[in-house]
Amino acid sequence: GEDVEQSLFLSVREGDSSVINCTYTDSSSTYLYWYKQEPGAGLQLLTYIFSNMDMKQDQRLTVLLNKKDKHLSLRIADTQTGDSAIYFCAEIGTDKLIFGTGTRLQVFP
Amino acid sequence: EPEVTQTPSHQVTQMGQEVILRCVPISNHLYFYWYRQILGQKVEFLVSFYNNEISEKSEIFDDQFSVERPDGSNFTLKIRSTKLEDSAMYFCASSEAAFVADTEAFFGQGTRLTVV
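Chains as they are written, first to last, in the numbering used here: chain A, 306 to 414; chain B, 20 to 135.
Treat the hints as calculated values from the structure; they're not laboratory data. Values in this document were obtained by computation on a predicted structure and should not be read as measured data. Each residue gets a CB set at the ideal place from its N, CA and C atoms; glycine is no exception. You may find that some hints are simply not true.
[What the hints assert, rightly or not] Computed far set for chain A versus chain B, every beta-carbon distance over 12 Å:
1. V309
2. L315
3. R318
4. L366
[Unchecked claim] Straight line, CA to CA, 30 Å or less: simulated BS3-like cross-link-like pairs of lysine-lysine:
5. K76/B with K61/B
6. K97/B with K372/A
7. K97/B with K373/A
8. K97/B with K361/A
9. K76/B with K97/B
10. K372/A with K102/B
11. K61/B with K97/B
[What the hints assert, rightly or not] Each pair of labels, with its calculated beta carbon distance range:
12. G35/B with R365/A: 26 to 34 Å
13. D359/A with P27/B: 37 to 45 Å
14. K102/B with N357/A: 26 to 34 Å
15. T335/A with E78/B: 38 to 46 Å
16. I79/B with P344/A: 23 to 31 Å
17. Q60/B with A346/A: 41 to 49 Å
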């Protein structure tokens, strides 16, 4: 069945790059998403990638997709304290999103 | 900017009691969803709702759960007789279209349900 896996925690120093990883199982997923949840807020769509792309860059964010290994990553360049949040990877199931557990990113000065 | 709003932000209820979680989706959206996340676990799909009926539901969404769009703006999730294992963060979401192409789903901030 459809499944998405993420590691639970990542801690980085301010100014460093963060890389959040995700693996998924459904090779037919057309789009893969990254959502961000800040404390007390809802899930906010950060970026997405179409399954026929390998990479997508959007300012400080770079999404890499390895379709063969079903591996998705989100790289945040020059990580700031304001990037501290939970990041969710998601794939499309049948009329729904399939989420991972979320990765809690902690940025320390 | 339009947003999905959920009330209350935190609800504490006794086991066996009924709870209603409320959501106001974005006004021109047609698809509505409930998800939940038990602490430390994945965000799980519960149900999707379109055209005033359930379009899909998960195994979690058993007879204890129901959804309703009573007045054309609110979208509610009712749990008839709460169990301890229903304690979770419940997220409501809405979208203009079903999950095809680059449809974005907008999520509320969640309601934390604690069953004691």
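- Can we confirm that no CB of chain B comes within 12 Å of the CB of V309/A? For V309/A, whose nearest Cβ neighbour in chain B is about 7 Å away, the distance does not exceed 12 Å, so it is violated.
- Distance restraint evaluation - D359/A, P27/B, Cβ atoms, bounds 37 to 45 Å: Holds, at about 44 Å.
- Nearest-CB test (12 Å) between chain B and L366/A: holds, 16 Å
- Query: Straight-line Cα separation of K97/B and K373/A no greater than 30 Å?
  - Reply: Not OK: K97/B and K373/A at ~41 Å, beyond 30 Å, violated.
- Task: Given the range 38 to 46 Å, decide if the beta-carbon distance of T335/A to E78/B lies inside it.
- Result: violated, 24 Å
- Task: Would you mind confirming whether the straight-line C-alpha gap from K76/B to K61/B stays at or under 30 Å?
- Result: holds, 17 Å
- Task: Note whether the CB distance of Q60/B and A346/A lies within 41 to 49 Å or breaks it.
- Result: violated, 20 Å
- Task: Would you mind confirming whether the straight-line C-alpha gap from K61/B to K97/B stays at or under 30 Å?
- Result: holds, 21 Å
- Task: Verify the proposed pairing of K97/B with K372/A, using a straight-line Cα cut of 30 Å.
- Result: Not satisfied, since the Cα-Cα distance of roughly 39 Å exceeds 30 Å.
- Compare the distance between the alpha carbons of K97/B and K361/A with 30 Å, and conclude whether the hinted pair is satisfied. Not OK: K97/B and K361/A at ~40 Å, beyond 30 Å, violated.
- Item | Hinted pair K76/B and K97/B, Cα distance within 30 Å | Cα-Cα ~14 Å, so holds.
- At the C-beta level, are I79/B and P344/A separated by a distance inside 23 to 31 Å? Taking Cβ atoms as reference, I79/B and P344/A lie about 26 Å apart, which means the hint holds.
In summary, the structure is inconsistent with hints 1, 6, 7, 8, 10, 12, 14, 15, 17 from the numbered list given earlier, while agreeing with the others.
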